[in-house]
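Protein chains in written order, with the numbering used here: chain G, 1484 to 1621; chain C, 694 to 837.
Don't read these hints as lab results, they were simulated from the structure. Using N, Cα and C, we set each Cβ at its ideal position, and we do this for glycine too. Check before you lean on any hint, since a few could be wrong.
What the hints assert, rightly or not - Listed below are several chain C residues computed to face chain G (Cβ distance under 8 Å; list not exhaustive):
#1 I735
#2 L738
#3 I758
#4 T776
#5 Y819
What follows is each chain in one-letter form.
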Amino acid sequence: MIGYILALISSILCAIYCRYSETLKISVIAKLLWQFIIAIPLLIILFNGIDIQSIISISIYGWIKIFLLGSIVSLGGYGFWNLCIKHESALKNGILDYLEAIFSLVISIILFIAFPNLIQIIGFMLIMLSIYSIRWIK
Amino acid sequence: MRTLVGDTIKKGIIYGILGALTFSLITPIGKLALVDLDASIILSLRFIIAIILLLLIGYIKKEKIILSRKDIIPLTILGSIFTLDTYTYWLALEQLDIVSFLSIFWTFPLFILLIDILYGKVEQIYRSLFIILVGFIGVILTLI
């Protein structure tokens, strides 16, 4: 149950982030840099510190995953996303993000060989349909 | 003028698709990383790598990264929202299966619409509420 509530809070915060980020007319790099600089100490506080010994013992495979998250996801995702906001509104960007959910689901299915059942697919299609419909009312 | 506007929208859509493609990797790679790594370590190191790469890009592009005083407070608020979002995102990812997590998290465009309704930016309120309702029925179906 806590997992569902956390995912919902994360979704709401993401929406607030999108809307607020759109109002700040600052360069993408400066914006990203500043938010990452703020995030590191805050996350250390939220997670009650970091185990330095664990960092030393990270395998090469672990470092590759961290590097992928740091480079492709953080820079690619947030960088392109913020560039998109410069050209489109946050809402339209949010609509484009339904693609993100589909890509994410497909990649996850391939990686984890975890196929959703029929009802889950119908539910997911309804979510995507509603997100896509937003374009027609704006 | 029309061409300029069209080009801007096209660019926006291309950046949006690229952002969607790259950002969509966060959930599967994140879930894989959580198998043998702690969320606090993943996130801290990930952001340190991102900061180094951003500084490099900023240096190459000769982009101004020093902020003016008036930008510091709004960016600190944005950074704090981002941090809380990231924190709850990873805690939820640790606890839920991928499909349930994705179906709840990706409702955020519906919350953006809800914010717009609350701020009076949407004219077709009933249609908007219907769309939000359909989206959340979808969420319930994926969680059954």
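Results for each hint:
Interface restraint check: C:I735 against chain G, minimum CB-CB distance 6 Å, threshold 8 Å, status holds. Taking 8 Å as the C-beta cut-off, the interface hint given for C:L738 holds, the closest approach to chain G being about 5 Å. Evaluation of the C:I758 hint against chain G yields a held restraint, the C-beta minimum of about 5 Å falling below 8 Å. Taking 8 Å as the C-beta cut-off, the interface hint given for C:T776 holds, the closest approach to chain G being about 4 Å.
Because the smallest distance between the Cβ of C:Y819 and any Cβ of chain G comes to about 10 Å, over 8 Å, the interface hint for this residue is violated.
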